[in-house]
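Order-wise, the sequence lines are chains A and B. Read in the numbering used here, the first sequence has 398 at position 405, and its numbers run on one by one without any break. Each position in the second sequence, counted from 1, maps to that position plus 2 in the numbering used here.
By construction, these hints were calculated from the structure, which means they are not laboratory data. Wrong hints could be hidden among the right ones.
Unchecked claim - Some but not every residue of chain A turned toward chain B, in silico, with C-beta under 10 Å:
id, residue
1, Asn52
2, Leu137
3, Glu198
4, Gly219
5, Ser221
Unchecked claim - Pulled from the structure, derived: some chain B residues nowhere near chain A, Cβ distances all over 12 Å:
id, residue
6, Leu25
7, Leu86
8, Lys118
9, Ser184
10, Asn185
11, Phe188
12, Val192
13, Val203
14, Ile238
15, Trp242
16, Val305
Computed from a prediction, not measured in an experiment: that's the story for all the values here. Where is the CB? At the ideal position from N, CA and C, for every residue including glycine.
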Amino acid sequence: MSKSCILDMNQIEKRFGGVNALRGVDLQIYEGEVHGIVGENGAGKSTLMKILGREMKANDGSISFRGELINDLSPWQIQSRGIMTVHQDLNIIGSLNIGQNILLGNPPTKRLGLLNWKAGYPKAKKALELVSSSLSIEHSAENLSAAQCQLVILARALVQKPQVLILDEPTARLGLEETEQLFKLLKILKQKNVTIIYISHRLEEIYRVCDRVTVLRDGLKVLTAGISEIPQEELVRQMIGRKVEQLVPKRKAEKGQTVVEIINLTYGAAVKNVSFTVKAGELVGLVGAVGAGKSEVLQLLFGAEHLDGGEIRVGSDNQFMQKPADALKAGIAYVPENRSDEGLVLDFAVRENLTLVNLSSFSQMGFIQRKKEHEKALELINRLQIKTPDSDTSVKSLSGGNQQKVVLGKWLAGEQKIFLLDEVTAGIDIGAKFEIYEFVGDLTEAGAAVILATSDIQEAMGLCDRLLIMHRGTIVAELIPENTTREEVLMNMMGGGVQHEVQSG
Amino acid sequence: MKSRVGDFLAKFGTVAVLLLFILFMQLVFSDLPLLSWPNLMNIAAQATVLSLVSIGLSIVMMCGEIDLSYVGSLGLLGTVFVLLLDSVGGLIAALAVIAISLIFGILNGLFISKWKYSSFLATLSMMFIMMGLQRGLTNGRAVWIDNQEVLRVASMHILSVPFPAIILILSFLVYFIIIVYSNAGFKLKVIGENIEAAKEVGIKTMRIKWMAFIFASLCFGIAGVIEPLRSSGGVIDSGWALFVPCLAACFLGTTMFEPGRVNPLGTLISALFLSLVINFLTQIGLVYYFINLILGFLLLLAVGLSSIKNRSIKQIKL
């Protein structure tokens, strides 16, 4: 790899108040390489990329692109040089069609500044075809799934003919097929000599697509190495600064009586005749690719959607969850996939978010008892090991993993007995993941029933008592982690498994 | 599940209700010539100022901000026009008034997009500053136009359409083309829908917002010339009368065509409808403070209706 250096970041420093987010980071990116950046949440990956895209200003240091100093340019000047970032936020405009969303930054224009969409569509179509074979540019962008939004945003970057493409957790929301398509796309881009900076928590991906990898830890660059020179264990050790024995903790929980029984649940085409039961203290994994119907099952259980058919029994009652309030009363807690939109009030303090669900238990005659609320918040912060300067910090300044802990923690303040968790560790680093797994284990030990929707096979096999594999709205297999293999789970997730019944103990 | 009927109702339901309301009024008060051609043209002339201001306000609302400065600027600009009229003539006075309005628009944009003031507070302050300036210029008195030549131009009809209405039609066409067909208008709407997305794709959000405030001030400037021509003078605080109707027009407009979004055609139709209502109420002989009462309720109704589809208006969080 004796290529020329296309991006040279020199001694980048960034401070937020008293916190050093980046401490003198040097990073050289070679032209045409796929450069992985790994590190725990809060290590400074996103901050570094935001400084590169000039969405944020560094306190010190310089960046040059092909020898030109670019750290004082505006964000659009950076983009006009072909440095494009694909963010984790899915900023899609629902009232426009997909093509217009792709051309959002530079709408095609004829004379007098008038729009000429038709002129831009071939370009948009070409970009879209690179990322997806099923989407069409005329289709409305309303009601796209998270995965489809991610693909549209990817196409939006491609249409600008990037020279450096920064991908921030691009696969966090993608299904298996879409991920494969993304990897094919990366190959094509590489052939075109496009430089790619690839941020991911999924180490398998880093090893699959990257040429070199840089590890950040606590705002410092720990190392940059060729991917073949560093084994995975060593990479993990460098990321978290200590050795890890296992990625998923062991848990032990006594199973009790059946607390949730679902019979022939049906919801449009998304969920078809889904039946299963969950016992107290049991952790059931609802495993499937993106769009398999896992999220919908949880939403139906929580009353966020109205079922078209079937029954939900919680305890001994036949419950009709008309609205989330009914589910709350029945002792159900729900942690949605999209934590920042649905699970948190980002501008509120950690304390306020933690006590939001059970505000009435801290209130007397309509007044919040600050001291009681504060104590409870501190207890939860300690129990979940939430890394926050204090309980009054606003949630939006926390890293993704810690935000997720707040979402989980707010349910802990109450008396919920059934937990519905949707992709709780998506986009979260290994350390925080482990802590969340431990916490989920604690829940079952305390007698709670947990349904965990996930597309992460490692997580499902390591954590769950039983796996219900979903494909296109139905449960295609029921597997016990000890008696199955990763390959079997994967096959079933992709719809290729042989249908067979396994009786659970 | 979306139904087509529901979609159709969301888009055109309000328009139908408004039409029915107008017919109902005419049927109840059948002795008044409410829907006669002369009265309709009279309404069109009256509607010009309200519509122009609503257009300006709506373009600012489309990018997620608000501009209340029109309440102050109408009075100030009208007074300046009258004061300049005798010394420099109608055309120059009109251009000067528009130029002054543009300066205020540039200032609004400076505070809001450059210095990150809340648009509500910045334009509210600007409104009071302009009210103060108007009083200072005239010692708190109304000023009247003596120049009959100018007043004659203002009451001219072209093809039996009054002159102010023609200005309105032309202004609306320009505005409509900008919003619906232009690059800048598209970017403006993207900012209103999702400013993070706009920033992410490199749209110059600051510049476009600034342009929106300048465009709004252009509308206010033209309205500021027509207002004194219609009332034959500059009256202290004449903008107050339009405070609620203009806001109501923008909100009521969100219940039509593009439900949940401030949009050009909805704003215009609502402004015309509100002018009609004001005209009807006056003709029926309601005392003026009753008109305010009814307008207040209409604003509540408009905001309520506009929130039905999406539970909120996309662009504006007030």
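For each hint, the structure was consulted:
Restraint check, Asn52 (chain A) versus chain B: the minimum CB separation of about 21 Å is more than 10 Å; hint violated. Interface hint at Leu137 (chain A): violated, since its Cβ lies 14 Å from the closest Cβ of chain B, which is beyond the 10 Å cut-off. For Glu198 (chain A), the shortest C-beta to C-beta distance to chain B is roughly 23 Å, which exceeds 10 Å, and the interface hint is violated. For the restraint placing Gly219 (chain A) at the interface with chain B, the shortest Cβ-Cβ distance is roughly 32 Å, beyond the 10 Å limit, so the hint is violated.
The closest approach between the C-beta of Ser221 (chain A) and any C-beta of chain B is roughly 34 Å, which is over the 10 Å cut-off, so the hint fails. With a closest Cβ-Cβ approach of about 33 Å to chain A, Leu25 (chain B) is found to remain outside the 12 Å limit, as its non-interface label requires. The Cβ of Leu86 (chain B) lies farther than 12 Å from every Cβ of chain A, with a closest approach of about 33 Å, so its non-interface assignment holds. Here Lys118 (chain B) stays apart from chain A, with its beta-carbon at least about 16 Å from theirs, past the 12 Å limit.
The Cβ of Ser184 (chain B) does not lie farther than 12 Å from every Cβ of chain A; its closest approach is about 5 Å, which violates its non-interface assignment. Not every beta carbon of chain A lies more than 12 Å from that of Asn185 (chain B), the smallest distance being close to 5 Å; the non-interface claim is violated. Once the 12 Å rule is applied to beta carbons, Phe188 (chain B) is inconsistent with being away from chain A; the minimum gap is 5 Å. With a minimum CB-CB distance of about 6 Å to chain A, Val192 (chain B) fails to clear the 12 Å threshold, and the non-interface call is violated.
The beta carbon of Val203 (chain B) is not kept farther than 12 Å from every beta carbon of chain A, the shortest such distance being approximately 3 Å. Non-interface call for Ile238 (chain B) relative to chain A: holds, since the shortest CB-CB distance, roughly 40 Å, exceeds 12 Å. Its beta-carbon lying about 35 Å from the closest one in chain A, Trp242 (chain B) satisfies the requirement of being farther than 12 Å from that chain. Once the 12 Å rule is applied to beta carbons, Val305 (chain B) is consistent with being away from chain A; the minimum gap is 20 Å.
Hint check: violations occur at hints 1, 2, 3, 4, 5, 9, 10, 11, 12 and 13; the rest are consistent with the structure.
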